[in-house]
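Enquirer: Sequence:
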Amino acid sequence: MKNLVNKEEIDTFGKALRYYRQQNEDLTISDITDYMGWRKAYLMDIEKGRVSPPDITNIMKLCKILKIEDELFMIRLASKERNKLTIDIPEGNPEYLKTAMMLVARATNLNDETLKNIQNMMGGEVEGVTEVNKGT
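Read in order, the letters of the sequence shown are residues 339 to 474 in the working numbering.
Quick caveat, the hints were computed from the structure, so don't treat them as lab data.
It is possible that some hints are incorrect.
[Unchecked claim] In the EDC-like style, the derived pairs of lysine to aspartate or glutamate whose C-alpha atoms are separated by at most 20 angstroms in a straight line are:
id, residue 1, residue 2
1, K386, D349
2, K405, E433
3, K405, D450
4, K405, E451
5, K399, D383
6, K399, D364
7, K418, D349
8, K418, D383
9, K405, E385
10, K353, E419
11, K386, E347
12, K386, E419
13, K399, D426
14, K399, D372
15, K402, E433
16, K402, D450
17, K353, E385
18, K399, E363
19, K399, E385
[Said to hold, decoys possible] Quick list of the computed label-pair ranges, beta carbon to beta carbon:
id, residue 1, residue 2, range
20, G461, D408, 18 to 28 angstroms
21, L410, N458, 16 to 26 angstroms
22, M460, D349, 27 to 37 angstroms
Note that CB positions come from ideal geometry on N, CA and C, so glycine has one too.
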């Protein structure tokens with residue numbers, strides 16, 4: 339429903355969050371913060387860039403309440419600002435955690451060819467991801 343944002347003008351998570359919040363005129367700030375379990379000041383701090391964007395679980399919750407269809411856009415903005423990507427590891431299978439930790443531990447030492455091989459082995463591309471922004 340809410341995919342009207344000009345992605346070239348919105349370059350921070352906070353700006354995008356504010357834009358989408360303002361598009362949902364039927365939701366008050368209290369509605370959002372109550373749903374998220376946050377203080378109003380925290381939401382305002384995120385929008386103004388005074389604190390880091392939330393983790394991926396909370397980004398998904400925000401996308402749900404604000405009816406944001408392009409969750410990957412929001413995740414990319416948050417990841418760019420934090421210069422990291424937070425993921426949830428499924429419980430019950432220790433191999434997920436082991437594999438994720440191995441990739442993270444070695445990621446900075448992998449050359450482009452090895453990274454491409456890993457991407458190909460894992461299915462190539464992630465839907466909606468055409469480029470990855472490095473934190474600046």
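Enquirer: If a hint holds in the structure, say so; if it does not, say that too.
Expert: To see whether the hints hold, each was checked on the structure:
Note on K386 and D349: the hinted pairing holds, with a Cα-Cα distance of about 12 angstroms set against a maximum of 20 angstroms. Restraint check: the Cα-Cα separation between K405 and E433 comes to about 34 angstroms, which exceeds 20 angstroms; the hinted pair is violated. The straight-line distance between the Cα atoms of K405 and D450 is roughly 36 angstroms, outside the 20 angstroms bound, and the hint therefore fails. A threshold of 20 angstroms between alpha carbons decides the hint, and for K405 with E451 the separation of about 38 angstroms lies outside it, so the pair is violated.
Only pairs whose Cα atoms come within 20 angstroms are accepted, and K399 paired with D383 is accepted, the gap being roughly 18 angstroms. For the given pair, K399 sits about 17 angstroms from D364 by alpha-carbon distance, which is consistent with the 20 angstroms threshold. Restraint check: the Cα-Cα separation between K418 and D349 comes to about 10 angstroms, which is no more than 20 angstroms; the hinted pair holds. Annotation: proposed proximity of K418 to D383 holds, straight-line Cα distance about 17 angstroms (limit 20 angstroms).
Distance hint between K405 and E385 is fulfilled; the C-alpha atoms sit about 17 angstroms from each other, no more than 20 angstroms. Taking the CA atoms of K353 and E419, the gap is near 12 angstroms; set against the 20 angstroms cutoff, the hint holds. For the suggested pair K386 and E347, the alpha carbons sit about 16 angstroms apart, so the restraint of at most 20 angstroms is met. For the hint pairing K386 with E419, the CA-to-CA distance comes to about 13 angstroms; that is within 20 angstroms, so the pair holds.
For the proposed pair K399 and D426, the alpha carbon gap of about 14 angstroms is at most 20 angstroms, so the pair holds. The straight-line distance between the Cα atoms of K399 and D372 is roughly 12 angstroms, inside the 20 angstroms bound, and the hint therefore holds. For the given pair, K402 sits about 30 angstroms from E433 by alpha-carbon distance, which is inconsistent with the 20 angstroms threshold. Taking the CA atoms of K402 and D450, the gap is about 35 angstroms. The hint is violated against a cut of 20 angstroms.
A threshold of 20 angstroms between alpha carbons decides the hint, and for K353 with E385 the separation of about 6 angstroms falls inside it, so the pair holds. Distance restraint check for K399 and E363: the Cα-Cα separation of roughly 18 angstroms lies within the 20 angstroms cut-off, and the hinted pair is therefore satisfied. Of the pairs offered as hints, the one joining K399 and E385 holds, with about 16 angstroms between alpha carbons and a cut-off of 20 angstroms not exceeded. At about 21 angstroms, the beta-carbon gap between G461 and D408 stays in the expected band of 18 to 28 angstroms.
With their beta carbons about 20 angstroms apart, L410 and N458 fall inside the hinted range of 16 to 26 angstroms. Look at M460 against D349: about 29 angstroms separates their beta carbons, and that is inside 27 to 37 angstroms.
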